[in-house]
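Going down the list, the sequences are from chains A, B and C. Per full-length UniProt numbering, the very first residue in the first sequence carries number 1; after that it's consecutive. Per full-length UniProt numbering, the very first residue in the second sequence carries number 1; after that it's consecutive. Per full-length UniProt numbering, the very first residue in the third sequence carries number 1; after that it's consecutive.
Keep in mind the hints are simulated off the structure, nothing from the lab. Every value quoted in this text rests on a predicted model; they were computed, and no experiment measured them. Ideal placement from N, C-alpha and C gives every residue a C-beta, glycine not left out. Treat each hint with caution, since some may be false.
Said to hold, decoys possible - Partner residues are not named here, just some residues of chain B that face chain C (Cβ under 8 Å, in silico):
no.	residue
1	Pro156
2	Pro162
3	His165
4	Glu166
5	Glu168
6	Gly212
7	Thr216
8	Asp265
9	Gln267
10	Ala300
11	Ile303
12	Trp304
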Amino acid sequence: MNANEPPKALRGVGNFIDDRFHLAKMGEKNLRKVFPTHWSFMLGEIALYSFIILLLSGVFLTLWFDPSMEHVTYDGSYQRLNGVGMSRAYESTLHLTFDVRGGLFMRQVHHWAALIFVASLVFHMLRVFFTGAFRKPREINWVIGATIFMLATIEGLFGYSLPDDLPSGMGLRILQGVMMSLPLVGTYVSMFLFGGEFPGDLIIPRLYSLHILVIPAVLLALIAAHFMILWHQKHTQYPGAKETEKKNIGAPMFPAFAVKAGGFFFFTFAIIAGLAAFVQINPIHLFGPFSPTSISAGTQPDWYMGFLEGSLRIFPNWFDVNIAGYAIPTAVLVPGLGIMGLVFTGPMVWPFIEAWITGDRRPHNVADRPRNAPTRTGLGVAAITFYGVLWLAGSNDILSHTFSISLYTTTYIFRVAVLVGPVLAFIIAKRICLGLQRRDRETLEHGYESGTIQQLPSGEFIEVHKESSENMVHVLQSKKPLPRIDVDATDENGVESPAKRSIMGRLREGLAHWYTKDNVSFDGVRPNSGHHLHHDGFEDAAEEHDRSETVRTP
Amino acid sequence: MKWITARRRHPLAGYVVVILALVVFGVGYTFLAPTADRAEAQQDQAAPERSDGKIDLAQGKEIFAQSCASCHGKNAEGKRVGDTDVPSLIGVGGAAVDFQVSTGRMPSMNADKQMPRKYPAFTQDEIDDLVAFYEDEFGDDGPKVPEEDLVPATAPERNQFPSDHEGEKAFEKAKEEYDEAFASYTSNSDTEAGMKLYLTNCAHCHSWSGAGGALTDGRWAPELHEASPRQLYEAMLTGPGAMPVFNDATVSAEDKQNIIAYVNDLQEEPDAGGPFALGRVGQVAEGFIGWTIGISLIVACAIWITAKQRSHD
Amino acid sequence: MTDHNNTNDDADNGRVIGTPTGGDSETLVGPNADAHGEHQGPYPADETHVWPEEVQRRGEKVAALWFFVAFLAGVGFFVAYFYFHPNAQDEPSIADPATAQYANMAIGGTIALALFAIGAGMTVWVRQVMPHYEVAIPYDEFPSAPTEKASFGDFFMRGAHESGFIKRKLMRRTLLLAMAPLGLAPIVLLRDTGPLPGDKLHHTIWRKGMRMVVEGTDHEIREADLENEPGGMITALPKHDESDPEHAHGLSLNEQAKSVILLIRMPEDDFNPEMERLNWTHKGIVAYSKICTHVGCPAALYERTSHRILCPCHQSTFDAANGAEIVFGPAHRPLPQLPVTVDDEGFLVAGGDFSSAPGPTFWDAERGA
């Protein structure tokens, strides 16, 4: 009799399940999954939890919400709008707000959770991008994640449109306007989606079925796949003394991490609930019902659509053309479809582009420190800047009004900033990375500055450097030479390979050069040695880090 | 300095520096930026004594001569001051005079710029004198000030009355009368018509909540929160600045009452969704709060959960 | 975390590090990272920190305090919920916005507090009561061994040959052929989601002689009603025929969305003499579609001093004094203009339909239909 034998009741349940599914071994293995203990690995969990909160609050809302565009005259509890004509959808949202206890709270929970959901997705993707956690073998999971981000954005846009209040209808109108601009098929797409002309009386029921059924189902499936792949491949981890490409270090799922994750769910829910209780969001009863003839100053989409709004605002009509009287409104097509396509598909293809440029086909489990991949980090910061400028441009009227800058001036500023900003951001971020690399090499070689000043017998003052800890040495040594396509890609006769001579080959080599050229070399640096050593002496120390200098093109 | 040296390598040192910098910046900005309170205090001069309600043309003439004629000309014909053509006042109507002066936009020191709303330089009695003088002297074919018993004028303020006990009583009485007039003016209105008219003709500049918005060339549509019903009425009637005119023929007096009642009701309604309404700015502010407050608090929790555990032995 | 060599001690005071654990141990951690690591046995951790009993006891108390706070907040939620009333008759009713705010704070605040306290309690539990250790599990090697791959390839191709799918071309091709129409069927089934555009987008209900009314009041507008000096503006719709059963409740939203106009009056001299459809104006009165030609927001910010019409969504700016030509922003074409005249009784009427299709610019918006 073992003291750790489960109580009888638990054994009964366990046996019942195991008799049918043979789960004991698999169950134990999965409870042993290791989770890195760093807060940045919990960003994806925020997204998961806010998605669960969205499902819960969303189900509550469906119990009262009526997605009908039938015209009614309001006669209900909310005095101010009595006698006002509106759609059934708007009326039922008013009912939900003023006749159902907790209805307003749940509406606000749903909306705040949506904002937090997309925000945490973006934050999570940035962490994965900057640490290179999307690299082989995790590219597929990254693509799934990027798809979740795209669907979440669309899901949010549709949800925003359901209550049929003034700004929500305007969001739909802009969506319809972007569709209409498609050459040849635009009017057909719009007519089919809206069941006729704008606004018609079908769009809200149609978006409703997409919003509460189709897209959540796909999202749920993708999230499940994302987790199963994560579970199978395991987390990446930051470099350290114990963390290697072979072993994953962290807290096990059972028992510690299960409690941590459970607690974190409650925290996430609590903060969303706190916002919903005290900070008003989307007060549709104040906006008034939708009318296609009315608009308010400062009309905005939710934040995650801000980049689209911004690009529609600042993209000029200089490239619009008419071909034989047929309009090609590039000022709608480029921002509405081009930039949106770039934001959604750019992340999806990046892992493959990077692997192609660097020729790096090795699997990676230890995360890059962002400084050790300066070109990628620079590109990431440039992308953030691009997105951020567009996002800011989406509120240029608010900025103009708040800071008393001329409206057109803000547009011109953003037009320049969206082109110059990312370039500057790239250069600055890359320089900072290289500077940090140099400092790392200093630290690795001489130890860290202790802050203690000593006077030498000669009278000279020096700051005492102390030896870096073992862990720090490992962190610093995690910097590998950047993978690079072999420059001497020649066959055995010394002739340049045809693949390399082709246009793509030359492009690839050029990109590879650009990607790796400025990198600071750590060759021959011996930890805490105070001076450079010869290359040979370094080899042993670095052996466990399975360095490989160059990667041959496959 | 020893204290700092000992702690500057603490893991939290960076955060402390950032927070300190933010505090210094925030406090500095608060001191530098002129606040509404102080701007008002500077304007707030000695309380005038007269409150008998009688029109005094001579007083109006004096105000005109001192505060208007220097730019608009002795005969209100308008003239060139510096680089700016100051408009003529002939035909603008008493309503325009009342609006511009009672909202503090006139007299203005800088004719080039759009004037923000300010504390008025004259009392309502003085403005009434000025309007009476203006209509007497320069004709009354322009829009007239709506009558007080039809559209409530500006709310009385404490400093318009003597500071003694009698004055307190008189102020309270005047305030009560005003509130009553206001309530009766805004009740019994047609919300549907008011809302339609407001949303189709006003909201695109002044925003759904009356918070105002941006126009071209650095102009802006002002917010409507402080405007009295009479000022709103006069603004529609006279079209100050770039605003188009909504005269009584297209938007009748009753329609205007509906619009004013709608926007007043909307503004006075408490925010059902919570005490922090983010200035009713809407989605931009919500996104900002979601990122700054929401995500940071959740991440703070994650940091607490995953923080390195130190041994306490 | 400096001391590495404590011995196992199931009494109350020690952090236990790197020592063997018996079956009745308090922790799941074992002595070494042996082969059992992934599937069974204790966790292979190098160092384990077990809190001294007094720390654990203190942690338990703090966690319990949090959980009790959560319980109280949960009870508070019920109190808050039943204190407020859902209908407008009973007091305090959430139908009143001020009360709704209190109800929202009370209901939401108690829930938020209960959730937070549970989270905090669990965090204290895991940080102060549970032992702390890190374990290592091996990453899987993903590519299968060459023999496994070869075996799979062989197996799969045998099966494929056996099925005849490769050899029996006729069967394979007809199967693919059979799939094609079925694959297209779902798309075809969507055909009836809406009508074909036809020329619907090019026409509105504006007809010659149709009167204009103020939107919201249905007040018919006379020429004299619009102020000439300093310049008026109003949003207007066509006057609908109330005897027509189709319009018994006013214009539909679809009709409004297409026919809504911005009626502007300015001094006649202010018009650009080059303006193409100057004769469509009447004594300084001009009418443009209110729907922006960019993506369809109502473009309505009319500045009477500069005669600009600005769209608040994406800031396309049109010159009202010059046929609504674009002066700034992303719009593709001018706002469509509506001819304005007066009828015998002095009411403003349309002289026909818009100069081009109103609404967002589409493929053939500027082509007559």
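For each hint, the structure was consulted:
Taken as an interface hint, Pro156/B does not check out: its beta carbon lies about 26 Å from the nearest beta carbon of chain C, beyond 8 Å. Contact between Pro162/B and chain C, as hinted, is not supported at the beta carbon level, the nearest pair being about 35 Å apart and thus beyond 8 Å. The criterion of a C-beta within 8 Å of any C-beta in chain C is not met by His165/B, whose closest approach is roughly 33 Å, and the hint is violated. Hint status for Glu166/B relative to chain C: violated, with the closest Cβ pair at about 35 Å, above 8 Å.
Taking 8 Å as the C-beta cut-off, the interface hint given for Glu168/B is violated, the closest approach to chain C being about 29 Å. Because the beta carbon of Gly212/B sits about 12 Å from the nearest beta carbon in chain C, more than 8 Å, this interface hint is broken. Annotation: interface hint on Thr216/B holds; nearest CB of chain C at approximately 6 Å, less than 8 Å. A hinted interface residue such as Asp265/B counts as satisfied when its beta carbon comes closer than 8 Å to some beta carbon of chain C; here the least separation is about 11 Å, so the hint is violated.
Here the hint on Gln267/B is broken, as its CB sits about 12 Å from the closest CB of chain C, past 8 Å. Because the beta carbon of Ala300/B sits about 12 Å from the nearest beta carbon in chain C, more than 8 Å, this interface hint is broken. The interface hint given for Ile303/B is broken, as the beta carbon of that residue sits about 11 Å from the closest beta carbon of chain C, more than 8 Å. At its closest, the beta carbon of Trp304/B sits 6 Å from a beta carbon of chain C; the interface hint therefore holds under the 8 Å criterion.
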